[in-house]
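Novice: Spelled out from the first residue to the last, the chains are:
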Amino acid sequence: DVKVTQSSRYLVKRTGEKVFLECVQDMDHENMFWYRQDPGLGLRLIYFSYDVKMKEKGDIPEGYSVSREKKERFSLILESASTNQTSMYLCASNAPWGDTEAFFGQGTRLTVV
Amino acid sequence: AQRVTQPEKLLSVFKGAPVELKCNYSYSGSPELFWYVQYSRQRLQLLLRHISRESIKGFTADLNKGETSFHLKKPFAQEEDSAMYYCALMIYNQGGKLIFGQGTELSVKP
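Chains as they are written, first to last, in our numbering: chain A, 1 to 113; chain B, 114 to 223.
Please keep in mind that the hints were generated in silico from the structure rather than gathered at the bench.
Be aware that one or more of the hints could be misleading.
Okay, derived cross-link-like pairs now, DSSO-like style, lysine-lysine, Cα gap no bigger than 30 Å in a straight line [what the hints assert, rightly or not]:
1) A/Lys3 x A/Lys53
2) A/Lys3 x B/Lys222
3) A/Lys3 x B/Lys128
4) B/Lys210 x A/Lys57
5) B/Lys170 x B/Lys222
6) B/Lys178 x A/Lys57
7) A/Lys71 x B/Lys170
Listed below are several chain B residues computed to face chain A (Cβ distance under 8 Å; list not exhaustive) [to be verified]:
8) Gly142
9) Glu145
10) Tyr199
Quick reminder that beta carbons are idealized off the backbone N, C-alpha and C, glycines included.
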């Protein structure tokens, strides 16, 4: 009964590559989020989307972009990967009202070399 | 600016001891606050939310608007409580933006 699925568990990319991280949810949630998780820094919001084709910058959007063409799918794009983007990336989704519990993906461990 | 602060990176206690994980928030509106937990090799998951005022796995958290705090408490810690704990704030007037604190690692020793 997996609800939020991230396309890759581990990724290794070279500096300067364009990287796509994919996330799919099956709960018909309006909101989807991308975070990066670093020890001591917690979860920092990169971008979130509250509807198809709608997006809002989070706290650390520099070097990232997102795409949401369908309600169930939210993609994170690293335009030109750099070593300081080596991190764990978490996708989440929730409904903006009512039961607002957020569900998380299993995470993608990205290493940029 | 909205912010969630967890001042302790690591909290280490012995089994059976009381636990309090601190969370303070900065938000001018009416907050919706959560505690999420991540056990080793598992996904982040909801532990509890302030609006439901429930106790989950023996944990409780009370919203104190005057002190802008939402501390997580448990009277008797168990070894299986060892995990990363994150406090989170949902901001309704920004489309449901969900922001997290830095996290506190709880280690319960036998």
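Novice: Against this structure, judge whether each hint is valid.
Specialist: The hints, checked one at a time:
The suggested pairing of A/Lys3 with A/Lys53 holds, with an alpha-carbon distance near 21 Å, which does not exceed 30 Å. Taking the CA atoms of A/Lys3 and B/Lys222, the gap is about 33 Å. The hint is violated against a cut of 30 Å. The suggested pairing of A/Lys3 with B/Lys128 is violated, with an alpha-carbon distance near 34 Å, which exceeds 30 Å. Taking the CA atoms of B/Lys210 and A/Lys57, the gap is about 10 Å. The hint holds against a cut of 30 Å.
A threshold of 30 Å between alpha carbons decides the hint, and for B/Lys170 with B/Lys222 the separation of about 18 Å falls inside it, so the pair holds. Between B/Lys178 and A/Lys57 the alpha-carbon distance is near 27 Å, which keeps this suggested pair within the 30 Å criterion. Taking the CA atoms of A/Lys71 and B/Lys170, the gap is about 34 Å. The hint is violated against a cut of 30 Å. Violation of the interface hint for B/Gly142 is found here, the shortest Cβ-Cβ separation to chain A being roughly 14 Å, above the 8 Å cut-off.
Checking B/Glu145 against chain A: minimum C-beta separation of about 7 Å stays under 8 Å; hint holds. A distance limit of 8 Å between C-beta atoms decides the matter here; for B/Tyr199 the minimum to chain A is near 6 Å, and the interface restraint holds.
When the structure is compared with the earlier hints, violations turn up for hints 2, 3, 7, 8 and for no others.
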